[in-house]
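**Student:** Protein chains in written order, with the working numbering: chain G, 1 to 498; chain X, 1 to 305.
FYI, nobody ran anything at the bench for these hints, they're computed from the structure.
One or more of the hints may lead you astray.
[What the hints assert, rightly or not] Some chain G residues near chain X, calculated using beta-carbon distances under 7 Å:
#1 90
#2 92
#3 97
#4 110
#5 154
#6 156
#7 164
#8 167
#9 168
#10 169
#11 197
For clarity, every value in this text was computed on a predicted model and none was experimentally measured.
Every residue gets a Cβ at the ideal spot worked out from N, C-alpha and C, and that includes glycine.
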Amino acid sequence: MLAVEMRGITKRFGNFAANDGIDLLVEKGEIHCLLGENGAGKTTLMNILFGLYRADEGVLKINGESVTGHSARKAFQMGLGMVHQHFMLVDALTVWENVVVGNEPGKFAIDRKDSIRRVQEISDRYHFDLNVTEKVSELSVGMKQRVEILKTLYRGAEIIIFDEPTAVLSPPEVLQLLDIFRDMKKQGKTIIFITHKLNETKAVSDHVTVLRAGKSLETVATADVTVDSLASMMVGHDVSLELQREPSRPGETVLELKNVRLLPNAQSTVSMEIREGEIVGIAGVEGNGQKQLEELILGFQKCREGSIYMMGDDVTRWSTRKRCGKGIGYIPSDRHQRAILPGFSIQDNYLLGNQFSPEYVKNGMIRRKFLHERTLELMKAYDVRAVDEKQSAGSLSGGNQQKMVLSREVGKDTRFVLACQPVRGLDIGAIRYIHEILLDLKKKGKGILLISAELTDILQLSDRIAVLYKGEILAMRKNEDYTTDSIGLLMAGQKGGQ
Amino acid sequence: MNNLMQLISLNMVFTTLRLAIPLTLASIGGVFCERSGIVNLGIEGMMLFGAFGAVAGTYATGSPWLGMLVAILVGGLVGLLHATLCVRFRTNQAVSGVGINIFASGLTVVLCRAIWSSDGISGDVEQIPSVTVPLLNKIPLIGPFFTNQSPYLYFTVAIVAVSWFVMYRTKVGLRLRTIGDHPKAAATAGINVTRYRYAAVVLCGMLCGMAGSFLSIVQSNLFVKEMVAGRGYMALAATIFGGWNPLGSFLASILFAFAQAIRMNISLNIPDQFLQMIPYLLTMLVLMGVGRKVKGPQAAGDITD
Numbered sequence: 001m002l003a004v005e006m007r008g009i010t011k012r013f014g015n016f017a018a019n020d021g022i023d024l025l026v027e028k029g030e031i032h033c034l035l036g037e038n039g040a041g042k043t044t045l046m047n048i049l050f051g052l053y054r055a056d057e058g059v060l061k062i063n064g065e066s067v068t069g070h071s072a073r074k075a076f077q078m079g080l081g082m083v084h085q086h087f088m089l090v091d092a093l094t095v096w097e098n099v100v101v102g103n104e105p106g107k108f109a110i111d112r113k114d115s116i117r118r119v120q121e122i123s124d125r126y127h128f129d130l131n132v133t134e135k136v137s138e139l140s141v142g143m144k145q146r147v148e149i150l151k152t153l154y155r156g157a158e159i160i161i162f163d164e165p166t167a168v169l170s171p172p173e174v175l176q177l178l179d180i181f182r183d184m185k186k187q188g189k190t191i192i193f194i195t196h197k198l199n200e201t202k203a204v205s206d207h208v209t210v211l212r213a214g215k216s217l218e219t220v221a222t223a224d225v226t227v228d229s230l231a232s233m234m235v236g237h238d239v240s241l242e243l244q245r246e247p248s249r250p251g252e253t254v255l256e257l258k259n260v261r262l263l264p265n266a267q268s269t270v271s272m273e274i275r276e277g278e279i280v281g282i283a284g285v286e287g288n289g290q291k292q293l294e295e296l297i298l299g300f301q302k303c304r305e306g307s308i309y310m311m312g313d314d315v316t317r318w319s320t321r322k323r324c325g326k327g328i329g330y331i332p333s334d335r336h337q338r339a340i341l342p343g344f345s346i347q348d349n350y351l352l353g354n355q356f357s358p359e360y361v362k363n364g365m366i367r368r369k370f371l372h373e374r375t376l377e378l379m380k381a382y383d384v385r386a387v388d389e390k391q392s393a394g395s396l397s398g399g400n401q402q403k404m405v406l407s408r409e410v411g412k413d414t415r416f417v418l419a420c421q422p423v424r425g426l427d428i429g430a431i432r433y434i435h436e437i438l439l440d441l442k443k444k445g446k447g448i449l450l451i452s453a454e455l456t457d458i459l460q461l462s463d464r465i466a467v468l469y470k471g472e473i474l475a476m477r478k479n480e481d482y483t484t485d486s487i488g489l490l491m492a493g494q495k496g497g498q
Numbered sequence: 001m002n003n004l005m006q007l008i009s010l011n012m013v014f015t016t017l018r019l020a021i022p023l024t025l026a027s028i029g030g031v032f033c034e035r036s037g038i039v040n041l042g043i044e045g046m047m048l049f050g051a052f053g054a055v056a057g058t059y060a061t062g063s064p065w066l067g068m069l070v071a072i073l074v075g076g077l078v079g080l081l082h083a084t085l086c087v088r089f090r091t092n093q094a095v096s097g098v099g100i101n102i103f104a105s106g107l108t109v110v111l112c113r114a115i116w117s118s119d120g121i122s123g124d125v126e127q128i129p130s131v132t133v134p135l136l137n138k139i140p141l142i143g144p145f146f147t148n149q150s151p152y153l154y155f156t157v158a159i160v161a162v163s164w165f166v167m168y169r170t171k172v173g174l175r176l177r178t179i180g181d182h183p184k185a186a187a188t189a190g191i192n193v194t195r196y197r198y199a200a201v202v203l204c205g206m207l208c209g210m211a212g213s214f215l216s217i218v219q220s221n222l223f224v225k226e227m228v229a230g231r232g233y234m235a236l237a238a239t240i241f242g243g244w245n246p247l248g249s250f251l252a253s254i255l256f257a258f259a260q261a262i263r264m265n266i267s268l269n270i271p272d273q274f275l276q277m278i279p280y281l282l283t284m285l286v287l288m289g290v291g292r293k294v295k296g297p298q299a300a301g302d303i304t305d
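This is chain G alone, in the form it adopts within the complex (with noise of 0.2 Å):
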């Protein structure tokens, strides 16, 4: 029995044909993978399942029933649910109120106990692990991520469809949301999971429907397939997912930590150097120290304990733009918050972080004609893909904004890369490329701090990696030294993890 059936469906918007006769058949109670890299269509092919977008031309089937031109209130009656990629979720409310808004039990005053024990019900028998009065401004990402699942199972959802849900979790709560699958699907659920990670595609699902520039690909069983194959499915030629990692030629140091205090109740202080040539990876669960460790370097926030070094001299009491004029590259890790300012011209974000450099600025007037020289010629050689320089940097895909940030970044003249969750929502390949990239550098001789909640970013990437952990360090060894089992227990805070 299909709980899905979508034939020949296309959606053209102009001349763009987003999805162009794609086929999706879902059965009943599997966990079904809808892969493909950023702009391959699956959202449009989500919005159009969930009554948002039209489609076209094509049949659509749920449940075995054809319906055509419905809504999405329509979709929720027919048990469809969507656990969206940015959350739905109202931070002043307490858990259960998210969950039941627009369909509280009661008449005009809400039965709060019986709302309670409801919500509560769901979130026991799914093993949430939820205290469902509990204010959701208070919970961790992934704990939000199961009240947005909660909603959708609250309103008797069937066929759960989750979008991108993996990009905003920590490795344990990845595997943790994983479980929830295998749960719910138990329980006879139906789960469309639209995903770009190739190793959570293969360790949970039971068919996969790839997505290549608007078409679909043949429905393959997952136990028939490889990594390696979806990968080369997905981008459409072969992809080596193996890079070449020079070793490093360490010179003198950038960077220097001396007895750091990171978290106010950390029990002991963080001391470490990034020197030329290398790149230091910090792994760990997010929220342990990382935006802590950020936020110093870059003097958002006052060192209270502690001393921090550049190229040698202490910059401890440096304010932020004083620490920038000795040279720092810094991808910050909320690219949206720090990195780029959307409304603005490419152009106009290439000056960012630059309007104290003479070269680009005069007298107190902008150099126009070097700006846009400067900027056509980072955009050329970091390959950004653009209708032009004037085009505004929020209606840039996220692999080419991140790009455009990169080549500002390290197109001044530093020594040190501060590089911050730099793969962070990106396809596989601007992951690989901005990979390449951050190697190039260290072969220039640049010393690189990488902050990455991504495992396999530090694995690939790192010479020396250290482990954060409760705002501490845990380890800082070789990469050879670790395997990928004992740096899995440091990051759980376990010491022994030799």
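Here the structure of chain G is known, so what remains is to put chain X in place on it, guided by the hints.
**Tutor:** Just chain X now, with coordinates in the frame of chain G:
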């Protein structure tokens, strides 16, 4: 010493309560409006329209009670105007609000001239009389609260209680709070965001209209141009200071009213101009203090979805 005693006299309590009535009504209107995601800088103007509507309605019908209804109706219509501009036409909410204030200043004066042929002042009309509640007024201690008071006092207390209940105990309130913080989440939960916004802004207008009528046909018996005199902005401050909560708005309004009452009840050897500043200074100080701590509707002012 004598001055201090005056501060806590019964007279002071009643002056404070009386002054708190228009602030409370308007700021609760502000709570509903902002919770739906619409910022309302037009409270001042809505109150002014209400004050005028009450006098004009009383003048036309001869009944101050009908005058009050006219004030509520006029306020509601101005609310509908603000809602239409903000929701339907996506006008900048600050511009629409300030526009309503300017519109109110101008139109009320013009209409005054048309009806009473005088410059910015109406003729005298009948007031809404004070009431004494039988039996309750005999109870010691609380008796004075039921003796010779404006019925608006009881309306206001009832409106505070009902508003709090609606906001925190009912479906409507939960949905409204969701809309103000995350309109998309509300929309995906099947809530008609637009309808709630219209309703909330119209309700706000009605409450502001009622607040204005208190100034013109309860505290006074005529309309004078600009008679709201900044109380609308003070009410907006009470909305924020009260944490977008009807009960909080009430308490904040009482605090602001107390500051006004000081001037009326106490004779100090300070130039009156300084005493007049007290409520406004207090408003600014309070906003500076709480501005960052109180978290309001996250999506207020933003309806780009």
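**Student:** Now tell me, hint by hint, if it's right for this structure.
**Tutor:** These are the hints, each one checked on the structure:
no.	hint	verdict
1	90	holds, 4 Å
2	92	holds, 6 Å
3	97	holds, 6 Å
4	110	holds, 6 Å
5	154	violated, 10 Å
6	156	violated, 13 Å
7	164	violated, 17 Å
8	167	violated, 18 Å
9	168	violated, 16 Å
10	169	violated, 20 Å
11	197	violated, 25 Å
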